[in-house]
Amino acid sequence: NAGVTQTPKFRVLKTGQSMTLLCAQDMNHEYMYWYRQDPGMGLRLIHYSVGEGTTAKGEVPDGYNVSRLKKQNFLLGLESAAPSQTSVYFCASSLRGGDTEAFFGQGTRLTVV
Amino acid sequence: AQSVTQLDSQVPVFEEAPVELRCNYSSSVSVYLFWYVQYPNQGLQLLLKYLSGSTLVESINGFEAEFNKSQTSFHLRKPSVHISDTAEYFCAVSSMDSNYQLIWGAGTKLIIKP
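If you read the protein sequences in the order shown, they are chains U and A. Residue numbers are given in my numbering: position 7 of the first sequence equals residue 319, and the series is strictly consecutive. Residue numbers are given in my numbering: position 70 of the second sequence equals residue 177, and the series is strictly consecutive.
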């Protein structure tokens, strides 16, 4: 099993450009998450989904959109990238919320110049 | 709002010495507690968790953590560290207060000195 796969692994964007990060999981998990990781700030939840066709805002949703058209995929979009969105982005999935283990992808390092 | 505090951003320790990484959380309700580890240039992976029952939980690689309800803490310990333990360690909590979403600490980098 691949687990959680994120593409791309690295990306450099110019301010104002758009892009989509793809997350795919093969564990039939219901819950999927997008986090950003910045030095000294731990993980901050951007958006999450509790099932196919559903999405919800997390702690820092501004500037991002998501879609979960298929259970196994969770897409994160940046409509107009800003330097403040320079970060490492992690996707994760879990069977359900609360007490179950979250499985993480390898991360996407995004730089906005 | 629920919060998780990892007071130490870095903990340097000599190889084969003991280590404790501290985690405190703010919640008065029943909680689920987790420690995740992130090795360099990798994603996070679960190290151990407390859901209920025995307050002392262990991982397969010698780490242990103890849930202390009165002190709202879940400190991570290892009696003898190895160079391979070099990583960043994150404490996380979920409860009804957070709608069962994980709330993360800022992380502690464990630096093993040879």
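Calculated directly from the structure, the hints in this document are not laboratory data. Since we're looking at a predicted model, the values are computed, not measured. It is possible that some hints are incorrect.
[What the hints assert, rightly or not] Computed list of lysine-lysine pairs in DSBU-like fashion (alpha-carbon distance at most 30 Å, straight line):
no., chain 1, residue 1, chain 2, residue 2
1, A, Lys220, A, Lys156
2, A, Lys216, U, Lys383
3, A, Lys216, A, Lys176
4, U, Lys369, U, Lys383
5, A, Lys185, A, Lys220
6, A, Lys156, U, Lys369
7, U, Lys326, U, Lys369
8, U, Lys369, U, Lys382
9, U, Lys369, U, Lys321
10, A, Lys216, A, Lys156
11, U, Lys321, A, Lys176
12, A, Lys220, U, Lys383
Comparing the hints with the structure gives:
no. : hint                   : result
1   : Lys220(A) to Lys156(A) : holds (27 Å)
2   : Lys216(A) to Lys383(U) : violated (34 Å)
3   : Lys216(A) to Lys176(A) : holds (25 Å)
4   : Lys369(U) to Lys383(U) : holds (18 Å)
5   : Lys185(A) to Lys220(A) : holds (15 Å)
6   : Lys156(A) to Lys369(U) : holds (26 Å)
7   : Lys326(U) to Lys369(U) : holds (25 Å)
8   : Lys369(U) to Lys382(U) : holds (18 Å)
9   : Lys369(U) to Lys321(U) : holds (24 Å)
10  : Lys216(A) to Lys156(A) : holds (19 Å)
11  : Lys321(U) to Lys176(A) : violated (40 Å)
12  : Lys220(A) to Lys383(U) : violated (45 Å)
In the structure shown, a violation is registered for the earlier hints numbered 2, 11 and 12, in ascending order.
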